[in-house]
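Engineer: Residue strings, one per chain:
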Amino acid sequence: MSRAKRKERGAAAALLALVLICAATAAAVCQEGPLRAYLPGGASVSGWARDGGPQEYEGENLYTYIDGGADIYQEYGFTRVAIQDYKSAAGKSASLEIFEMSTAAAAFGMFSFKRSGSGKAVALGCEAELESYYLNFWKGRFLATLTGFDDSLETVDGLLAIGAAVDAKLPGGGGEPPLVGALPADGLKPGSVKYLKGLLGLNNVYPFYTARGLAFMEAVRGLYDSGEILIVLDYGTAEARRAAWLELRSELESSGRFEQPTNYLTDAVVFKDGKGQYLAFSESGVRLAVGIHSTLEWALATVARAR
Amino acid sequence: MARKIGRREFVRKSAQAGLTLALGAGLATAARAAAPKVKASIVAVGIGGDYEQAAMKAVSLLGGMKKFVPKNARVALLPNVQSRHPGSYTKPEILRAVIRMCRKVGAKEVNCLSWLTVKQWEDTGLKAVIDAEGAGLKIFEKDEALFKPVPIPGGQALKEARILAEFYGHDLLINMPITKDHAGNKFTGTMKNLMGLNSPANNRTFHRPNWKTDPNDVAHLEQSIVDLNKAVKPVLNVVDATEIIVTNGPFGPGQLMRPEKVVAGTDRVAIDAYCAGLWGLDPKDIVQIKRGAEQGLGQIDLTRVRFREDYA
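The listed protein sequences derive, respectively, from chains U and A. Letter by letter, the first sequence follows residues 1 to 307 in our numbering. Letter by letter, the second sequence follows residues 1 to 312 in our numbering.
One should not assume that every hint holds.
[As the list claims (entries may be wrong)] With a straight-line cut-off of 30 Å between C-alpha atoms, the simulated DSSO-like cross-links for lysine-lysine are:
1) K66(A) x K233(A)
2) K290(A) x K275(U)
3) K186(A) x K272(U)
Derived by calculation from the structure, the hints in this document are not laboratory data.
Next up, chain U with everything else stripped away, as it sits in the complex:
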């Protein structure tokens, strides 16, 4: 064999070995879970170090991690989560959870579900909220939740530093789902928008005590300055919306929880719930809108504003 051939074969063998090593490494990373790459190491967050090893849960195994609280993640579309604890030199603790959701809309939805709206907006990811001892932000298909165990300055600074390190590693970007635009911006309380994908989320913003007529594709809820609530449900097709509204209306009419007061102002269908709130409905295209307020006039005015 010529020297050139031997050299060529040697190079091929080296290349093959390199490929095998890379494949083995990739397999190992895969076994450990793809989210580990986004967990900051001790060196990237000054004054904070990892405390123990990471944990990971995928799919249905989320119930092992948060039995009783997993359903809402599943409703939005959950893929996997990685958890890592951190400790500061002064003994403060923080916990980081990175949730990979099925879509960016799911990540935004879960973010909107978890935030209270009364926290402080922070420049992390696509949108972030810091409230007392915990920080949430979403970016692409990911939702990061950082929890401190007190609200001391050192802990909060640690949350922000770890959050910034995660933000730098997470890929993707993105904006809010287009349906959020159905909520008029004028008078909308900052941080009050909830993006919903199912009944579990809806029941937490307004319970209709029924599933009939509520098989929507997606929905949004906004709170307004004078206490008005606007919910817009999107059924995907006008036909599905029509059928759903007939079903929901029939259910509300026969429910002991709602009464149907006289609406002398408009043609909108109005109900009144047991807490004295008026619900005014309007339908258009694929969407059904509900304006809710303690007065009939405001409920009607609210639903009329749905875009």
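With the hints as your guide, set chain A onto chain U.
Structural biologist: For chain A alone, kept in the frame of chain U given last:
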């Protein structure tokens, strides 16, 4: 010191201690019979930022721990230790108060029972209290062999519970939940906390397949909880309503509310109805509370409940 008990060790110890268990069951009956009954619908509320004192105040308003724990009793405690997010687990100070009160009236043994992990007990600070107070922490694997089948004759959704067998080696149970939000049914309290004694596999049946919080799914979950409460009756409930999450529960993190109250009593429905009201829920909207009342577990009408409230 926490001990993790596996199936093999449990079976061996159970065989060795067959006589003890039998005697334990007898003592349990005797202890329940001997324990003076407190009027069903009395709810005591200890108030204040010192949660240990608030817990002691609540129990003292009921006549003191001696009304519930006979001398030499083996006491099982069930705090909520699901997550360490603030407002989502029973405060260590309240656990400390209950352990001390049990010890003071002569309890022979005080043990926390759980199938959750030691790490969860450590993270919440509850294990440190257990260790410091010399109480026991018995952690069990999620192995069905460690759970005892318990038929529920009046069960509507749940016909058979599977309760930690070790529980039956104790004379009585003190149920120690934290009241908080639950994304599915809006409320966690005394009744739901008993899922911590039931096997995880059995608990999963409370959620229907492809659970979507259809009201029928919620009704099934809530009825299962009510049925479970027919199988196990705590001698006392001491509820953490000091600092609680009212959104994104039961795991958290979520929005915190600080009523700074510890609520105690024997009537689970009355206690849960009171706690639900602390954060603006109508008890009649919480299916487990409503059905618990309808099925004889307690009083939902708070005008018929005698309240004893005081600052610690």
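Engineer: Given the hint that K66(A) pairs with K233(A), test it: the Cα-Cα distance must not exceed 30 Å.
Structural biologist: 18 Å, holds
Engineer: Keeping to a limit of 30 Å between CA atoms, is the pair of K186(A) and K272(U) held or broken?
Structural biologist: Measuring from Cα to Cα gives roughly 22 Å; hence the hint holds.
Engineer: Given the hinted pair K290(A) and K275(U), is their Cα-Cα distance within 30 Å?
Structural biologist: 18 Å, holds
Comparing the model with each numbered hint stated earlier shows that all of them hold.
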